[in-house]
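Enquirer: Dock chain B against chain A, hints included.
Residue numbers (the numbering used here), protein chains in the order written: chain A, 1 to 361; chain B, 362 to 612.
By construction, these hints were calculated from the structure, which means they are not laboratory data. Misleading hints may appear alongside valid ones.
Stated by the list, open to error - Quick list of the computed label-pair ranges, beta carbon to beta carbon:
#1 B:Ile370 <-> A:Gln231: 48 to 58 Å
#2 A:Arg110 <-> B:Tyr524: 28 to 38 Å
#3 A:Ile200 <-> B:Gln460: 39 to 49 Å
#4 A:Ser233 <-> B:Ala599: 23 to 33 Å
#5 B:Lys503 <-> A:Glu159: 31 to 41 Å
#6 A:Ser281 <-> B:Lys503: 31 to 41 Å
#7 B:Thr525 <-> A:Gly219: 26 to 36 Å
#8 A:Arg110 <-> B:Lys503: 16 to 26 Å
#9 A:Glu317 <-> B:Gly437: 47 to 57 Å
#10 B:Pro507 <-> A:Pro323: 32 to 42 Å
#11 B:Ser363 <-> A:Ser233: 50 to 60 Å
The beta-carbon is built from N, C-alpha and C at its ideal position, and this holds for glycine as well.
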Amino acid sequence: MTNLDVTVQMEGLKGLDEFKPNKIIDIRGAICPHPLNVIRDTIRNLADREILQAICDHEPTAKENAPRFCDRRGFPFKVIEQNGVWQIFIQKIEKTQPRLRVVNVSKVFRTNHGRVTALDDINLTIHVGEFVCLLGPSGCGKSTLLNMIAGLDKPTHGEIWSNGNRVNSPGSDRVVVFQEGALFPWLTVIQNVEFGLKLIKITPKIRRTLALDYLKLVGLDEKFHDSFVHQLSGGMKQRVAIARALAMEPSVLLMDEPFAALDVYTRETLQEELQNIWTESHKTIVFVTHNVQEAVLLGDRVIVFTKNPGRIKTEYELEITRPRKIEDPDVFLNTKWITDDLKGEMEEPDYESDAKTAVYR
Amino acid sequence: MSKRLIKLILFYLILIGLWQGLASLKLWPEYIFPSPFGVLKTLVTGFEDKTFIIGILISLKRLIVGYGFSIVVGLGLGLLIGRIKTLDETIGSLVLGFQALPSICWLPLALLWFGLSESAMIAIVILGSLFSIIIGADTGVKNIPPIYIRAARTMGARGLQLYTKVIIPAALPSIISGFKQGWSFAWRSLMAAELLYVGLGLGHLLMMGRELNDMNQVVAVMIVIIVIGIVIDRLFFAKMENKVRERWGLV
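This is chain A alone, in the form it adopts within the complex (with noise of 0.2 Å):
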């Protein structure tokens, strides 16, 4: 990716030109909105298998953000440059099999005071290694969904669906990292990385392999592999819960706010190797946070929630490349864009009229 010769014809896109493409664009000169995204909302209107062709003279546009933008959804492309003008040829292709599919979901609770609608109608598409954060404050039901997602919680209405099968019950494809104290204290810490291997019967050999290199992928010393739980700090812990859920090699890994009880400092570490792990790892991910700047540095796509009652808002695509650090300005400035379009959803609700609205629903 980082070496790409922009005029070397991608594998797929052979003998492109001799196609029509269905819809050109011309967005030289196109700065706000970034180029990048009238790109992807043309692409949205086009039809499986249409073409497009788009005529640009931003360079990290042509050069990076767009085939980051195909390679990730697997639409085939190709770049031409002319003095200073790139022609991006890319294809749509339709997934056919979406990782998680979560359609027209529901849930409500009962509560003393009624019934509690903690999700009203969600649907939600995740795609095959996508990074994808849910975003909101705390009660708009994120983290709900993904107990759901888990098999953890039975939504109240509609379905959802992991790789084609409906999601029933719990299951080691969908594995969660919490949000902290879920690890075993009976356990050391390399038998807590084996605890779900023995589950399905993985020789001891296998299993002791296997949960070496996730403790390795996870950045965990080993002076602290026969260690009980309650003598690593915070923030080893949190490796070590990863890294137990790595090893069941789950399709998707949900975390529900793994880093929200970490200092600053440590949060950021595991921030950057939790990147790191996915680049390598190409897991699908399903993040829980109510973090802004750790949605914008974490996802592709970060998916807005808003309370009472639970409902997605936005969805944000975010083409920053990585690895991604605070620091970028673009980081920053997709932050602070988010910030202010929350603004108002994060504030501390007036908390009696949130309870009438959620009990007389």
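Expert: Here is chain B on its own, set in the frame of chain A:
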């Protein structure tokens, strides 16, 4: 030698010295106030002619059979009560009620049902320890942080696996304290039962000492009972407890 140990030894030496001193004054006849020396002599002869050894073995056999039964049944029942609400609301309340009844109160019933037999003794031991063990397991299960079970379920644990791999280990600290309490209740009820009814155990030796006006034997048997209690607690329960505490970081 640690300072603590020196203090301990000094304390007991002084205590025994005072006791011997008091006995040497001969304020009371020996059949009312024994001397340490007399007690030691009785202990030696008791072990030499094997009466004490037989007494210990008989008492321990009753304990092991009864307590073993209590562990199996109590653990199973406690785990189920902790997990299943209906059982908790029905059997759970019954267990709490029985726990309030000193187990020696079962003796009349046990004698009527089982007669003057070994079974009556064992029944008393079971009834003494069962309820503590059930309550220990039940409390342990109820206090498991739900997140352990959720985490295990998302890794694919279900059914029996959930019990063996998560619920039992997670409830272990409380299960062990239930075992420990059950053991001390079993020990106490057995001694009470043996005192009341002839049957060759340690309690019977104690009673025999009273009937023969042999206070040396009474005190010697008391010492044996104390030592056995302490040894089992130290060797067994304290070790288990320490291990669990260390793992969980409760030290």
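Enquirer: For glutamate 317 (chain A) and glycine 437 (chain B), compare the CB-CB distance with the range 47 to 57 Å and indicate the outcome.
Expert: Once the Cβ atoms are compared, 55 Å apart, the range 47 to 57 Å for glycine 437 (chain B) and glutamate 317 (chain A) holds.
Enquirer: Taking 31 to 41 Å as the stated bounds, is the beta-carbon spacing between serine 281 (chain A) and lysine 503 (chain B) within them?
Expert: This hint holds: roughly 38 Å between Cβ atoms.
Enquirer: Please check whether isoleucine 200 (chain A) and glutamine 460 (chain B) have a Cβ separation lying inside 39 to 49 Å.
Expert: 41 Å, holds
Enquirer: Could you see if the CB distance from proline 507 (chain B) to proline 323 (chain A) stays within 32 to 42 Å?
Expert: About 36 Å separates the Cβ atoms of proline 507 (chain B) and proline 323 (chain A), which means 32 to 42 Å holds.
Enquirer: Would you say the C-beta atoms of arginine 110 (chain A) and tyrosine 524 (chain B) sit inside 28 to 38 Å of each other?
Expert: Taking Cβ atoms as reference, arginine 110 (chain A) and tyrosine 524 (chain B) lie about 29 Å apart, which means the hint holds.
Enquirer: Note whether the CB distance of threonine 525 (chain B) and glycine 219 (chain A) lies within 26 to 36 Å or breaks it.
Expert: Distance hint for threonine 525 (chain B), glycine 219 (chain A) holds at roughly 32 Å.
Enquirer: Just tell me: holds or violated, for the beta carbon distance of isoleucine 370 (chain B) and glutamine 231 (chain A) against 48 to 58 Å?
Expert: 36 Å, violated
Enquirer: Taking the Cβ atom of serine 233 (chain A) and the Cβ atom of alanine 599 (chain B), is their distance within the range 23 to 33 Å?
Expert: Since the Cβ atoms of serine 233 (chain A) and alanine 599 (chain B) sit about 30 Å apart, the hinted range of 23 to 33 Å holds.
Enquirer: Holds or violated: the 16 to 26 Å window for the beta-carbon distance between arginine 110 (chain A) and lysine 503 (chain B)?
Expert: Since the Cβ atoms of arginine 110 (chain A) and lysine 503 (chain B) sit about 23 Å apart, the hinted range of 16 to 26 Å holds.
Enquirer: Is 50 to 60 Å respected by the C-beta to C-beta distance linking serine 363 (chain B) and serine 233 (chain A)?
Expert: The hint (50 to 60 Å, Cβ to Cβ) is violated, given that serine 363 (chain B) and serine 233 (chain A) are roughly 33 Å apart.
Enquirer: Can the suggested window of 31 to 41 Å be confirmed for the beta-carbon pair lysine 503 (chain B) and glutamate 159 (chain A)?
Expert: 34 Å, holds
When each numbered hint is compared with the structure, violations occur for hints 1, 11.
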